[in-house]
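The residues making up each chain are set out below.
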Amino acid sequence: MKNLEKAVAKICAEYGNDRTRMMDIVRAVQVKFGGVDNEAIDLIAARTGTHRVEVESVVSFYAFLSQKPKGHVVIRLCNDVVDQMKGVQDVAKTLSTKLGIGFGETSSDGWFSLEWAPCIGMCDQAPAALVNDLMVTNLTTEKAAELIRALKANPNPGQLTAKFGLGEGNNAHELVQSSVQNNIKKTGEVLLGDVPAEAGLKKALQKSPEEVIAEVEASKLRGRGGAGFSTGLKWKFTRGAQGQDKYVLCNADEGEPGTFKDRVLLTERADLLFEGMTIGGYAIGAATGILYLRGEYNYLRPFLEDVLQKRRDARLLGADILGKAGFNFDIRIQMGAGAYICGEETSLISSCEGLRGDPKNRPPFPPQQGYLRKPTSVNNVETFCCVSRILDKGAAWFAAIGSGKSTGTKLLSISGDCKVPGVYEYPFGVKIRDLLQDVGAENTQALLIGGPSGQFIGAESFDKTICYDDLATGGAVVIFNKDRDMIHIAHQYMEFFVEESCGYCTPCRTGNVLIEKCLRKILDGQGEPEDIAYLQQLGNTVKKGSRCGLGQTSPNPALTTIKNFRAAYEAVLKPARDGMQPTFDLKAAVSDAEELAGRQSVSH
Amino acid sequence: MSETITFTIDGVEVKGKAGQTIMQAADGNGIYIPRLCYLEGCEPFASCRVCTVIVNGRPQAACTQPIAPGIVVENNSPEVTQIRKDIVEMMFVEGNHFCPFCDKSGNCELQAMAYRLGILAPKYPYLFPVCELDASHPYIFIDPNRCILCGRCVQASRDLDGKHVFDFVGRGPHKKIRVNAAVRLADTNLDITDKACDVCPVGAILKKGVGYAVPVGQRLYDKEPIGSDIESKAK
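Heads up: the protein sequence lines correspond to chains V and P, in order. The numbering used here numbers the first residue of the first sequence as 1 and each following residue consecutively. The numbering used here numbers the first residue of the second sequence as 1 and each following residue consecutively.
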């Protein structure tokens, strides 16, 4: 047998030749061979009993997978809006020059690939890059040059950790060894203050599963990922659904540009999270939990696996947990591979099943039919952490924190134009004005609440509060000062959605492209007053016609800047004085002909 | 015995059976809800979104949304029609549709839908994708220029033919149809008798050797608008 054939056979066997473990299989082949080429696709299809086009379908979907081989070292430089604000373009130039390749290219010796990546969860320490699994943050041109020098001397990113220093807390753990900083700037009483180990799980196991769900319901805990659905209700539906095998899935695929709070919870509150998942398993009657971890956070995986093993050793996972006869529960980690859409719960399920990260049709909803068509509860990292605390301290304690219907605290990932970016734990109800003061933001023009799928707000909203009924958010807050061009920023976020749409449904696949093109046109000085109505109607169609939450929110960068920063649009969308349609670029239209003719047109 | 459910579409009271989708119930009442990806005999794919209706104020795909007692469905309101027009126009600009010389013209569901919705020319800029034709198969050719990514061929091949000749690759605007072979359709097990060869709503999968068998002017939608068959069932 040839080398590839042997290796693929071994990898497939490791995952039981199980097609539902396709993500693990193709990821492993990608890491070993730098790509999943046609031959590998055929071999995987044969081993797992699938069709080759199904394997190709998966490989072609995820940004971290490729059919064409990539370099041994893949440098993914984050081009998120915040990174752009912090000078990533200069860093990009340095990387490109030092490597002698452009973005999207692989060096001729096959050692290096250079790529752009959307938000990698490091906006508080931008610009940042992912070098294979190594996070390199706070990049400068000097640091970028040093990185390339070091990689050329020893092209093994794993051995470079010492070079960039170690972050605080568990970032310095022997299994993490990362220079990432937690940047916890404000601790609250629920999550980032002191938390006693396993207190919630112990108390939960003294209750019946129904009582656990009642406690969570009474706390009025709502999903922390952004949608804000009642956690207790979701668990009740899942527990009540017909079917023997049930699943608890944790969404650790935070990909909303500007979000990084789950990174900190995974680093510093891993036990609290797994405790919450275990409570969830007990409550809904599940034996299996899956942590879906975004591919960008692979650097945390050895550490998280170790935490899981220690929990098994301590009988906090496995059979008869903490002596509770008949309560069996274990957790596995499913790695993502670079796809924002997989943060959408049904896409996440598709990905766990070894498929493209396409969302599923609803109904049925996951509590009825989710992972492998079995009843499934998908909850956010922060939600599970809250559950552990609620079971320990009681629903009344939790419900007393926060404001009105928004109980508890919320972790905010705050970045952009402010002096102290980082993770802040606030009780719900915090006023924007107070938040801006805490983070040292001055001269603020706009805030992006909830990431680009949320909304841009301006000064007239600074007295509003963060909570489900006022300014709802999954946690991303990006601040923009008065020097920023709001149309330019909206356009950059639309480029993100164009790339991250799964392409399943028409409005999201093409509508976002059309919105992006219109904003581009406006930025190029060819806008016209009618563009506002055009964007609003187009945005409405994309929001109302799209199949999942991505398209139902993706026009928001355009729509909420039009709503709240209309003056910025009106300033550039003036009727043309000559009455000509500015959309048409005559110079560009005749440029090919000019080149052929070898002379300039007389028309301009 | 299934339970009868009463609800309204555009203010008209209609009846359906429990378990039906809004589209199935509407069909039964002779009310046409426009659609392009829907394929009889397969699970609703819900990719085209042309069947979007407003249900109790919320947009839903009629092909997947179950009926419920008393729901208020908007099918023909100006807003719903606008959403459908926009979506159909998006399909025209995201591909390269050459109606005047396409053999599917007159039998094409996309073209017929545009006529039914009153679209004269798309207001959106054409995106002019570059697509490669696959004419390797002796009896069938694929022209991705005209593909609307509805998924019918994927479903038909998998669920009706028991093969898996087609699937999607790529994502977002880069998403496209691929065949189950390293390079060409000729290397798949597609037969001309496969259902997958007959389900394409547009001219992306066409049979060779039968072009222009029916003259323009005498084709299906030359005679009556798309949806007329369903509307003729109205009581």
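Keep in mind that the hints were calculated from the coordinates and are not lab data. Computed from a predicted model, the values in this text were never measured in an experiment. A hint or two may mislead.
Claimed, not checked - Under the rule of at most 30 Å between Cα atoms (straight-line distance), these lysine-lysine pairs were calculated in the DSSO-like manner:
hint, chain 1, residue 1, chain 2, residue 2
1, P, 233, V, 70
2, V, 68, P, 176
3, P, 17, V, 563
4, V, 563, P, 176
5, V, 6, P, 85
6, V, 374, P, 123
7, P, 17, V, 521
8, P, 85, V, 521
9, V, 517, P, 176
10, P, 17, V, 236
11, P, 17, V, 374
12, P, 163, V, 543
13, V, 203, V, 393
14, V, 521, P, 163
15, V, 10, P, 85
16, P, 123, V, 574
17, P, 163, V, 517
18, V, 10, V, 70
19, V, 32, P, 17
20, V, 543, P, 85
21, V, 587, P, 17
22, V, 543, V, 563
23, V, 543, P, 176
24, V, 517, P, 17
25, V, 68, P, 163
26, V, 574, P, 85
What the hints assert, rightly or not - To give an idea of the interface, some chain P residues facing chain V are shown, with a C-beta separation under 10 Å as derived from the structure:
hint, residue
27, 14
28, 17
29, 20
30, 41
31, 207
Beta carbons: idealized from backbone N, C-alpha and C, even for Gly.
Would you pick out the hints that fail for this structure and give their numbers low to high? 1, 3, 4, 5, 6, 7, 12, 14, 15, 17, 19, 21, 24, 27, 28, 29, 30, 31
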